[in-house]
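So the protein sequences, as listed, match chains A and B.
The first sequence lines up with residues 90 to 402 when you count with this note's numbering.
The second sequence lines up with residues 791 to 1343 when you count with this note's numbering.
Calculated from the structure, these hints are not laboratory results.
Treat the hints loosely; a few may be bogus.
Where chain B lies over chain A, by a calculated footprint (3+ residues, C-beta under 8 angstroms) [claimed, not checked]:
1. 295-301
2. 304-311
3. 317-325
4. 390-399
Glycine included, every Cβ here is placed at the ideal spot set by N, Cα and C.
For reference, the chains in residue letters:
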Amino acid sequence: MLGYIIRRILAIFPVMLIVAIFVFLLLRLTPGDPAAIIAGDMATPEQLERIREAMGLNQPIHTQFITWMGRLLQGDLGTSLISGTPVTTMVGQRIFPTINLALLTIAIAVAIAVPMGVLAAWRHRSWVDYAVMSFSVLGFSVPVFVIGYIFILVFSIVLGWLPVQGYAAPADGFGEFLYRAILPALTLATIYIALIARMTRASMLEVLGEDYIRTARAKGVKESRVLFRHALRNAAVPILTVIGTGFALLISGVVVTESVFNIPGIGRLTVDAILARDYPVIQAMILITSATYVVVNLIIDISYTVFDPRIRY
Amino acid sequence: MLFKTRNFDDAKTVLTVQDLTVSLPPAAKAPPVLNRINLTIRAGETVCLVGESGSGKSVTSLAIMGLLPKDALFVTGGRITLSDTDLLAQPASAMQDIRARRVAMIFQEPMTALNPVMRVGDQIEEVLESHTSLSADERRKRVIDIMEQVHLPDVERIHRSYPHQLSGGQRQRIMIAMALVLEPELLIADEPTTALDVTTQQQILSLIAELQEKHGTAVLFITHDMGVVAEIADTVYVMKSGDLVEHAPIETLLRAPKQDYTQKLLRAVPSLIPRAARAAPGGDPVLKVDNLDMIYGGGGFFVKRPGTHAAKDVTFTVARGRTLGIVGESGSGKSTVARCIMRLIAPTAGSIRLRDTDIAHLNRAQLKPHRQHLQVVFQDPFRSLNPRWTVGRSLIEGPVNYGTSPRDAMARAAELMEIVGLPRDSLDRYPHQFSGGQRQRIAIARAVMMQPDVLVADEAVSALDVSVQAQVLDLLNDLQEKLGITIVFITHDLRVAAQICDDVLVMQRGVVVEQGPAAAVLANPQHDYTKSLIEAAPGRAWDFANFRELATA
Chain A
90 MLGYIIRRIL AIFPVMLIVA IFVFLLLRLT PGDPAAIIAG DMATPEQLER IREAMGLNQP
150 IHTQFITWMG RLLQGDLGTS LISGTPVTTM VGQRIFPTIN LALLTIAIAV AIAVPMGVLA
210 AWRHRSWVDY AVMSFSVLGF SVPVFVIGYI FILVFSIVLG WLPVQGYAAP ADGFGEFLYR
270 AILPALTLAT IYIALIARMT RASMLEVLGE DYIRTARAKG VKESRVLFRH ALRNAAVPIL
330 TVIGTGFALL ISGVVVTESV FNIPGIGRLT VDAILARDYP VIQAMILITS ATYVVVNLII
390 DISYTVFDPR IRY
Chain B
791 MLFKTRNFDD AKTVLTVQDL TVSLPPAAKA PPVLNRINLT IRAGETVCLV GESGSGKSVT
851 SLAIMGLLPK DALFVTGGRI TLSDTDLLAQ PASAMQDIRA RRVAMIFQEP MTALNPVMRV
911 GDQIEEVLES HTSLSADERR KRVIDIMEQV HLPDVERIHR SYPHQLSGGQ RQRIMIAMAL
971 VLEPELLIAD EPTTALDVTT QQQILSLIAE LQEKHGTAVL FITHDMGVVA EIADTVYVMK
1031 SGDLVEHAPI ETLLRAPKQD YTQKLLRAVP SLIPRAARAA PGGDPVLKVD NLDMIYGGGG
1091 FFVKRPGTHA AKDVTFTVAR GRTLGIVGES GSGKSTVARC IMRLIAPTAG SIRLRDTDIA
1151 HLNRAQLKPH RQHLQVVFQD PFRSLNPRWT VGRSLIEGPV NYGTSPRDAM ARAAELMEIV
1211 GLPRDSLDRY PHQFSGGQRQ RIAIARAVMM QPDVLVADEA VSALDVSVQA QVLDLLNDLQ
1271 EKLGITIVFI THDLRVAAQI CDDVLVMQRG VVVEQGPAAA VLANPQHDYT KSLIEAAPGR
1331 AWDFANFREL ATA
């Protein structure tokens, strides 16, 4: 088991190396002169030459790569072409709001969706089941910005319970963080509630037909215990997969919600960088997103073994 | 003493079932699933409920437990009384408390009946948590105590184990421990040994008898195996499509069955006496296996692990038109040998000569021309036919792959349907429209479509009722005589092997321990393992089909 975890952690390195090579080549292999792309249409030859010099573009490609990798390993992701600040600093400022929002969103989604899915499976084909399924369809089909604006309209403008926009770090007080983050988290959670509830329901329906569920009932075990202790744990693997992938998706792309609620997260940083062709920042975002997926997948795989002792690598 | 002859006239009545009727929802407009069943079980008595699949045995047991599937089956009449408690009048919460405390149940498949992600000790303890207010220490003591009573070895270790780490027999002991930990008045055992090997079956049966004796438990034992019935029953009830047709003390029932249906059931029990030897074969062997070795696994990325030696130095030949039985318990390697012959897997070493070609190490493309000469029939006819294809489409797929025109193949399929005893229009229907026995006929027809030289039957009749089993065995025999097919018959059931095989090969842990003509091996076994297998066969002293003791016993 420990051997497996070590092997999986070691396997992260080749994966990340391939991602790094890809990110490096992204700029160098784009047709045309990278310096021209970066400088834009209005650049003078002198400006181009300065950019080439600054980025080391006049050196052979393998030298460029080694220099770039060397800096990367030291945590130097380059400097923003627009603001001139180091990318690491920019990302460092923006990533915590995004991570905090993602954690809150997933927590809300799991807390609501799992009981919903369990209930729907338990009362299969009853009104409860149909209600849960209808909600899922709704959660999937309404665009996230519509949900966001509806929540703002209802909870902030009409009822006046919550602020319209803005963000506060948990370090400044968890209450204040919750007060400001709850609406965006709920907005983001809608689609995950729909997804996780459906997955929970499907997985539970399958498990509830198993022989050991009949055994548990034959033992005179309480129904709630049958559902949550016997069935849910056996149904956990597909649910965990959805939760993990959901979390990774949240880290990499919550642009719309961040814009609607004016949260300084990396979603907006990415969009701004793309619009401004701020290549070092774009490169950093690709690296960070890939690393998130790799790490989240590792955590999902390890968590399987916690829930199902038959899974041993 | 051949049968149990205990008298229960003075014993306390534990369970009375009166005129019990169970029906499908009224909308289905179907006849009742159980039709006015009457049944009595007294303290210490073992009542066997026998009948073919679909006769209502399991529905009866689930009705007693109050566990009929919601919205699918309903009790529509009658009474179930457990020592003065009217079970049908109990609210759900009271019924929940009665389960495990007063009526407990064990099931057929010990693998699937235990929760795979919970330690078995915790699963037993859960019964105590749900029904008693014992402290954690006391609970643990009770769990260890009952685990010792069911003779589990190394109790401390098994207490911490998960079901997949235990053998089938150990799992069933856990189930029994779980059922008996609160000393219920009634134990319902639904085919508890069907999925087990004969030697394990014998151990589990004697364990149930021992604990029954000790605690005075009444046992309702559901089975379709007449051998088991002969071993354990005090009283037998026979069910047929929802009706109880006959009940009697065991000896009376086996000696003088009154109803035609009971007689038919008993006549279908295959005899342990091997079939009469057939004329010795002429010509070259069709299948010749030499020094076959199969090692699974091994290797490993960091640490070299030894593999599992599933077949060691297996050698045999089968001549045209003969049947070879490969007999053994689970883990003996018999299915591995079958898979190697079929070349579903590649053997580690050895040769497999089909007619004149060694197919043991051919690659996928080289194998293709030989595949049609090797066909297989699997155990579970419910899963071996594609449910979304018509029978006709399944049947012609193979020949069409090998270049026969669909029209010719369909004509051949129609002929085969008649040979296997199904109507021609079966070809347009889907597998779910057939019974288990019919589906196995279809699976056989599908194999025979390819006009194979060798037919491998892997536990092909094990999932079928005895009466259907006999018919399918007859069919295989007929086909063999008509078409000269060579059959390799993999089975754990010595009775079946005795009825169909010319030669028998007995395997234990990957090794062939004994081989020879069926008459010699089964009637006069030399190896201890073969002897123990035959001794463990339940009801071996009784000639069921003729309602009397075996002449030679």
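Failing hints, ascending? none
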